[in-house]
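Student: Sequence:
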Amino acid sequence: IIENYAQIKAKLITLGVHFSSQTDTEVFAQLIEFHRKEVAGRKPADSAEEVLIAALKIAMTEVDGHYAILVMDKSIEGKIYGIQNGAPLVASKLKDGCLIASDIQAIVPYHNEVCFLPKGEIFIASADGLVGHELKYEKIDWAADKVEKDGYESFMLKEIFQQPLVVADTLSGRLPATPMAPFIWDHQKAHEVLWKNVKRLYLVACGTSSHAAMTAKYFFETWARLDVQVDIASEFRYRRPVFEPGTVVGVISQSGETADTLAALRLANEAGVSTFSICNVPNSTISRESGFQYPTKAGPEIGVASTKAFTAQLTVLCALALDVGRLRGIVGKADDSFQALARLPHDLNRILDQSDVFMRIGAKLKDQRIILFVGRGTMFPIALEGALKFKELTYLPSEGFAAGELKHGPIAYIDPQVSIVTLAPKDEWYSKTISNLEEIRARGGHIIAIGTEGDTEIEKVADEFVGLPASAWGTQPILSVIPLQLLAYGCAKALGRNIDKPRNLAKSVTVE
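Residue numbers for the sequence shown follow the numbering used here, beginning at 172 and rising by one.
Quick caveat, the hints were computed from the structure, so don't treat them as lab data. Here the structure is a predicted model, which means the values were calculated and not measured. Mixed in with the good hints there might be a few duds.
Claimed, not checked - Keeping only pairs whose Cα atoms sit at most 25 Å apart, straight-line, the calculated BS3-like set for lysine-lysine is:
1. 180 <-> 228
2. 228 <-> 214
3. 250 <-> 228
4. 388 <-> 208
5. 329 <-> 535
6. 562 <-> 672
7. 631 <-> 597
8. 320 <-> 310
9. 535 <-> 310
10. 245 <-> 208
11. 537 <-> 388
12. 266 <-> 245
13. 631 <-> 578
14. 290 <-> 228
Full structure from sequences and hints, please.
Tutor: Below, the structure written as structure tokens:
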């Protein structure tokens, strides 16, 4: 993102430069070319490489914004020049060349030793390797064989079915032997000091990760009695958040490179407050720049629409909130979420045993006018995630609501061409959810209810009902998200969509 591209473009036009597009990327290229010609005129004895590097250095001083660029000069054979200023660039050396990308996941299938290219340093890539200052290689603990489909029809379907193992891996070595014993984290003592002294918690994220943050708000408020605010990263960074003593900012990102989330983290770091990150990509920029790391262990996620990384985020946040509640003396032994976490992989497998049921229901939705997702409490952000998955994969209109908001506008949608996916576990709001369903039924809406096994009451008002294993309050949202992934998958497949690469979407959003 070149923030002052309009001013630079206007200046270059007055100097006779012709533009062929409206992009800020071309402005940067034209600026480099302008200075390349100017330097070559002043220093005719310099080599083409010396001239280009000098032009790059001048251009960098004139451009405002976060960017990462690679430059090729047709007069210099076999070399690529690059620089990053706040946007990620990662590289790896192969036998006969280099790989350069904005995300580790693009490189991992080919090599697991990478170099995070430093800010402000020009580097040169060629068949002989990388040349630049302070280039340090790090080993990434992801095996290349993990990015194969392994017999599944898509990466996303494989990743949906990996979720029980992902949850088990994420919890491995962290779960306490008894309910009131400490969870096990890296830097255990510093972790305990941080959370004993926290007074306010900001959770900041984008997209799917923001739904994990919204769910975690319920966890931390209930178990730790913390003041929790959830922000979309692109909004957080442009308002004036209050950072008082005892403030902690947690950022959540699947890739660890999300531009707005990274900017929010840097804002918090500049304010001097404690920060932590929950990321799936080891050694990512967000992981490296945050004060504490609570990594998920989902492994490479290839499908653009996040599934297993989201489930892993929820798992870490659930465990973390329980542990903070224990540290603050609020969570007691009676809370059954400790045992439910240990049982979670088994319960997830039971849900996946019904995958054909969910995909078959999803396929029936392909001709509906709009799909609504509703829930209460922790089911509300999961409903938002269900709607997001549905629109990402199917391109059909879908919206998520708090069930109590239906009568404040969304109920106007309801007719026989509208399907309502309702998350209705047997919780403290169950009777209110049943009332919502009766209102929808009276108006002819098509009801799909996802509730608790053996619930005969909800079967009476739903057109389709699927029961999930009974679970503790804290693990219900983790169980409930998988059916929504499968509904979206089934509908997208029936529509013939590109499930692994939905249109217009990117796996790692490294621009603002």
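Student: All hints, please: hold or fail.
Tutor: Evaluation of the provided hints:
| no. | hint | result |
| --- | --- | --- |
| 1 | 180 <-> 228 | holds, 18 Å |
| 2 | 228 <-> 214 | holds, 15 Å |
| 3 | 250 <-> 228 | holds, 17 Å |
| 4 | 388 <-> 208 | violated, 56 Å |
| 5 | 329 <-> 535 | holds, 22 Å |
| 6 | 562 <-> 672 | holds, 13 Å |
| 7 | 631 <-> 597 | holds, 15 Å |
| 8 | 320 <-> 310 | holds, 24 Å |
| 9 | 535 <-> 310 | violated, 46 Å |
| 10 | 245 <-> 208 | holds, 14 Å |
| 11 | 537 <-> 388 | violated, 33 Å |
| 12 | 266 <-> 245 | holds, 24 Å |
| 13 | 631 <-> 578 | holds, 22 Å |
| 14 | 290 <-> 228 | holds, 13 Å |
Checked against the numbered hints given earlier, the structure breaks hints 4, 9, 11 and satisfies all the rest.
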